[in-house]
Amino acid sequence: MTQAVFIGIDVGTSSIKVAAVDPVGKLLAVASSPMSVDVKRPGWSEQRPEDWWAGTCSAIKQALSEIDSPEVRGVGLSGQMHSLVPLDSQRQVVRPAILWNDVRSSAEAAYVRETVGNESLRRLAGNPSLEGFTVTKLLWMKNNEPDLFAQISHMLLAKDYIRYRLTGELGSEPSDASATLLFDIVNSRWSDEMCGLLNVNSELLPPIIESAQIAGGVTKSAAIATGLAEGVPVVGGGADNACAAIGAGVVSAGDALFSVGTSGTVVAPTTLPVTDPEMRIHSMRHATPDTWYLMGVVLSAGAALDWWRKSSGDATFDDLVAEAAMTSAGSGGVTFLPYLTGERTPHADANARGVFFGMHGGTTRGHMTRAVMEGVSFALRDSLELMTALDVHPDEAVAVGGGASSAVWLQMLSDVANLPLRTVGPSEGAPLGAAMLAAVGASEFGGVVDAGKAWLTDLKSVTPDAAVRDVYDDAYGRYRHLYPALRGMFAEGGE
Numbered sequence: 008m009t010q011a012v013f014i015g016i017d018v019g020t021s022s023i024k025v026a027a028v029d030p031v032g033k034l035l036a037v038a039s040s041p042m043s044v045d046v047k048r049p050g051w052s053e054q055r056p057e058d059w060w061a062g063t064c065s066a067i068k069q070a071l072s073e074i075d076s077p078e079v080r081g082v083g084l085s086g087q088m089h090s091l092v093p094l095d096s097q098r099q100v101v102r103p104a105i106l107w108n109d110v111r112s113s114a115e116a117a118y119v120r121e122t123v124g125n126e127s128l129r130r131l132a133g134n135p136s137l138e139g140f141t142v143t144k145l146l147w148m149k150n151n152e153p154d155l156f157a158q159i160s161h162m163l164l165a166k167d168y169i170r171y172r173l174t175g176e177l178g179s180e181p182s183d184a185s186a187t188l189l190f191d192i193v194n195s196r197w198s199d200e201m202c203g204l205l206n207v208n209s210e211l212l213p214p215i216i217e218s219a220q221i222a223g224g225v226t227k228s229a230a231i232a233t234g235l236a237e238g239v240p241v242v243g244g245g246a247d248n249a250c251a252a253i254g255a256g257v258v259s260a261g262d263a264l265f266s267v268g269t270s271g272t273v274v275a276p277t278t279l280p281v282t283d284p285e286m287r288i289h290s291m292r293h294a295t296p297d298t299w300y301l302m303g304v305v306l307s308a309g310a311a312l313d314w315w316r317k318s319s320g321d322a323t324f325d326d327l328v329a330e331a332a333m334t335s336a337g338s339g340g341v342t343f344l345p346y347l348t349g350e351r352t353p354h355a356d357a358n359a360r361g362v363f364f365g366m367h368g369g370t371t372r373g374h375m376t377r378a379v380m381e382g383v384s385f386a387l388r389d390s391l392e393l394m395t396a397l398d399v400h401p402d403e404a405v406a407v408g409g410g411a412s413s414a415v416w417l418q419m420l421s422d423v424a425n426l427p428l429r430t431v432g433p434s435e436g437a438p439l440g441a442a443m444l445a446a447v448g449a450s451e452f453g454g455v456v457d458a459g460k461a462w463l464t465d466l467k468s469v470t471p472d473a474a475v476r477d478v479y480d481d482a483y484g485r486y487r488h489l490y491p492a493l494r495g496m497f498a499e500g501g502e
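In the working numbering, each residue carries its 1-based index in the sequence shown increased by 7.
Be careful, since some hints might not be right.
Using 30 Å as the maximum straight-line C-alpha spacing, the simulated BS3-like pairs for lysine-lysine come out as follows [as the list claims (entries may be wrong)]:
id: 1; residue 1: K47; residue 2: K149
id: 2; residue 1: K317; residue 2: K33
id: 3; residue 1: K227; residue 2: K33
id: 4; residue 1: K47; residue 2: K317
id: 5; residue 1: K33; residue 2: K68
id: 6; residue 1: K68; residue 2: K227
id: 7; residue 1: K460; residue 2: K33
id: 8; residue 1: K68; residue 2: K460
Distance windows between CB atoms, simulated [what the hints assert, rightly or not]:
id: 9; residue 1: G500; residue 2: T470; range: 41 to 47 Å
id: 10; residue 1: T464; residue 2: D58; range: 34 to 40 Å
id: 11; residue 1: A473; residue 2: S412; range: 43 to 49 Å
id: 12; residue 1: S22; residue 2: A473; range: 37 to 43 Å
id: 13; residue 1: Q10; residue 2: D481; range: 52 to 58 Å
Hints listed in this document are in silico derivations from the structure and should not be mistaken for laboratory results. Ideal placement from N, C-alpha and C gives every residue a C-beta, glycine not left out.
Turn these sequences into a full structure, and let the hints steer you where they fit.
This is the structure:
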């Protein structure tokens with residue numbers, strides 16, 4: 008007897024991860040292949056797409072080997088956003104992929120802002136011009152690698168390249184295309200106007216399909232490489248943040264996702280496109296029809312606590328969190344700015360830096376640990392405050408990532424945001440969301456809402472503690488005053 012399986016593949020920066028799920032949502036297997044990043048120069052970040060493919064093949068084979076008589080009914084994909092994969096006329100990779108966290112294209116990002124203008128960027132693409140966005144990387148190639156640029160016939164994103172290797176079909180979908188600055192997020196199509204303003208040949212851009220739409224079937228050669236059966240349907244998939252939201256059941260207005268991993272994100276779906284006049288927060292298409300989402304990004308979330316652990320001698324995470332739990336809300340007046348690698352939301356400032364403020368003779372390590380956790384929570388609240396100002400009001404949020412696994416941090420997030428929070432299982436995030444899209448594409452469900460109801464289970468729930476509301480509002484006010492006061496010093500730099 009065969010076991011029906013849906014496969015979700017996440018093309019991450021640190022690993023390729025594969026989740027195998029049965030039709031009722033039971034997680035049958037999880038496998039991963041580690042990935043490394045090539046940093047040829049400061050600020051550069053590259054990976055070889057062929058390594059993604061090799062890692063994908065290995066992880067799929069590993070996952071299938073753990074299941075008795077698997078019958079794969081569909082494959083979905085998720086992947087790191089923004090990363091540029093240029094292909095030539097023979098569909099061969101022209102150069103290593105330039106990743107989302109590569110900042111070499113500062114001059115090109117400035118050129119886009121000057122050429123298009125902020126108001127037109129908001130109207131046409133819904134997002135600001137930052138080094139992370141794909142078009143700046145393409146323009147960098149044009150300016151700095153003209154011979155290689157001349158070879159480009161097709162432009163793909165990370166998970167789109169893996170879909171191409173699986174099916175032989177070129178394509179992208181709205182949630183990932185939204186992060187290129189070449190996509191009209193309102194009308195869900197490539198923007199001819201943006202291409203014209205930036206002199207980008209629109210023929211480089213792949214066809215757009217929906218995230219749960221079948222893009223093609225697994226080819227014979229891909230079947231041999233992966234262990235999948237030839238002809239298995241592969242759907243469009245989605246950007247990693249969109250798939251993580253789907254994998255947590257965050258797909259409708261009123262929902263929100265708080266992700267506290269190495270970085271942090273707040274995602275809130277909307278039924279209409281919403282953009283910030285000052286473009287302090289990102290606006291993207293969701294990986295489900297007629298839905299958008301606002302997204303705020305905290306560059307150092309769990310990374311801030313990890314930095315503090317490494318700076319705290321032999322203390323473990325458990326030691327530090329236990330000390331923080333014994334410390335009162337407000338951290339004894341100590342405030343922490345978690346801008347260890349600059350910041351994205353609401354301050355798009357690469358020069359911003361981490362700060363402890365307010366220490367005194369009675370300050371303990373527990374105060375400082377709690378200040379780090381509160382500082383990250385305040386940074387996430389920054390995004391929520393922007394959403395509220397744009398008339399997007401989540402009723403509750405699902406928390407995911409390492410921070411959500413800490414009962415202390417989970418309660419702190421709920422208190423700071425003044426929102427009920429819950430965690431769900433399975434907790435595989437983006438690859439689970441990709442598998443859900445595969446199940447929808449295979450007609451197992453009518454949509455991702457139905458898939459989430461069938462596959463997800465609430466694990467923990469917390470509600471805000473009214474007793475600390477005023478304390479956190481006061482502490483958040485101190486936090487909010489620090490960046491404007493220090494911005495000039497950040498701009499002056501110095502190590």
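- Task: Starting from the hint list further up, note which numbers the structure goes against and sort them upward.
- Result: 2, 11
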